[in-house]
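Let chain A serve as the given structure and place chain B with the ligands on it in line with the hints.
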Amino acid sequence: MSGILNSSIGRKFAMALSALFLMIFLLQHFSINILSVFSPDTFNEVSHFMGTFWAVQYVLQPILILGVIFHFVMGFVLEIRNRNARKINYAKNNGSANSSWMSRNMIWSGLAILAFIVLHFYDFWAPEINVKYFKGDMSGLIDPDNVDSGFRYWEELHHKFQDMWRVILYCVAFIFLSLHLLHGFSSAFQSTGMNNKYSKGLQGFGKAYAIIIPLGFVFIALFHHFTH
Amino acid sequence: MNLTLKIWRQANANDKGKMVDYKISDISPDMSFLEMLDVLNNELIEKGEQPVAFDHDCREGICGSCSLYINGEAHGPDRGVTTCQLHMRMFKDGDTITIEPFRATAFPVIKDLIVDRTSFDRIQHAGGFISVNTSGNTIDANAIPVNKHNADDAFSAATCIGCGACVASCKNSSAMLFVGAKVSQFALLPQGQVEATDRVLNMVKQMDEEGFGNCTNTGACEVECPKGISLENIARMNREYLKASLKG
Ligand code: HEM
Ligand code: SF4
Ligand code: FES
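Chain order of the listed sequences is A and B. Under this note's numbering, residues 806 to 1033 are what the first sequence spells out, in order. Under this note's numbering, residues 55 to 302 are what the second sequence spells out, in order.
Treat each hint with caution, since some may be false.
[To be verified] Taking lysine to aspartate or glutamate pairs in the DMTMM-like style, the calculated list, with each CA pair at most 20 Å apart, reads:
1. Lys1002/A / Glu286/B
2. Lys1005/A / Glu276/B
3. Lys892/A / Glu286/B
Source of the hints: derived by calculation from the structure; they are not laboratory data.
Extracted from the complex, chain A is given alone in its bound form:
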């Protein structure tokens, strides 16, 4: 078992596990965000719970951050190894004859997602950490000295998407996320060794997931932009 990351199959297995974890997280993130469209109050309550409950903050959040870091670092490691496996390229290569664009460009869709994550951290994570752990305001209120001011989460989210450029960048990033997952979802199962009578159905489900979830995020961003 030791040194499994030293083998090609072990590395791909670890890559797939981190990816499956990220896809479960994405579903959870989406479920909470979509509440902001239907019910600002529910969205606020869930956000406050997620933002202040110790298990989420001190257990799940670090695991998630490590998971993301592991995934993209391993993505780079695999990419470098794969490039070294062919030092002289073909003068003519007809890749589209045998494989999808998405599958051949996971590193580029991945890099687009990484750029998005940096922006997303700057937009939401960094301010949140600042308010809660540097300023020490755990109240979640718009005005911490006024209990009647209401929760700040929905307000902050709603205002972030006033800026058209931010909305455009988010939407572009979600398209890359969709492309990443259109190949990645079923690829992750194949990497773990799962290829059986359920694989066809799972592939269909994966395609649906890879389109519906990113499109849902696009919808949420547009919703907040246009309801201003």
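Showing chain B with the ligands alone in chain A's frame:
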């Protein structure tokens, strides 16, 4: 047919190599691709030039010797065939055809279009066999019952001819389809299960040491494989490997 050929010429392993253009005429659409190259080589020899070196042996799609990356695809544009089975009728009069060697760090060029595929042999030597004594007391093959479904899958896996088109087609030069087929062929049969753990660990170790890339599951190998070896074999190898790693 009249054709323009762009062919990779490289005098030896250390030569830098380059693409060279050749014109060729009066090619019959019924010729095989290798026969077309034979015609070219005859002309080159008559002119006193070096013929183009390429691998071939059986010329009927069973030995796995022939290779070539033709117009950006291993074994050319047709499906389920090797280059020796590829017909010139797949091309049109006036076409330009680009012909390159299979490219991979683990398949270094020996000369022109011939590459060294002994890395595949070394993977086979690492475990692609079963240790049975066949002299004297051979047991009847039918004495051990094998589930029909497994027998069929094992047979399909065993049709891999070790040509290396999977590696050549893969953007990562991964050998997972070849090794997956070789592992599966035994993993599916009771005779292969005795050495299953060591086999998969050793073959994958050798595969990695040879410098093949990792699998991104693009599926290019399965499409280009002349024997239609399925990606299921890669998933099976992954399972076998993970199981074996847990054991030892
Ligand atoms: C942070 C930036 C990211 C980078 C740089 C990145 C990069 C990559 C790369 C290069 C691969 C292909 C690995 C290979 O098989 O060769 C990959 C696979 C994958 N990624 Fe990402 N990725 C990122 C984020 C994400 C996110 C946020 C998700 C899901 C929500 C995700 C889901 C997947 C899946 C499902 C696979 C397929 C795993 C497999 O083939 O076993 N990735 N990623
Ligand atoms: S798996 Fe297919 S492409 Fe690869 S070596 Fe075997 S026959 Fe050739
Ligand atoms: S020459 Fe034997 S397979 Fe083509």
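Consistency of the hints with the structure:
no.	hint	verdict
1	Lys1002/A / Glu286/B	holds, 11 Å
2	Lys1005/A / Glu276/B	holds, 16 Å
3	Lys892/A / Glu286/B	violated, 29 Å
Violated hints amount to a single one, hint 3; each of the other numbered hints is respected by the structure.
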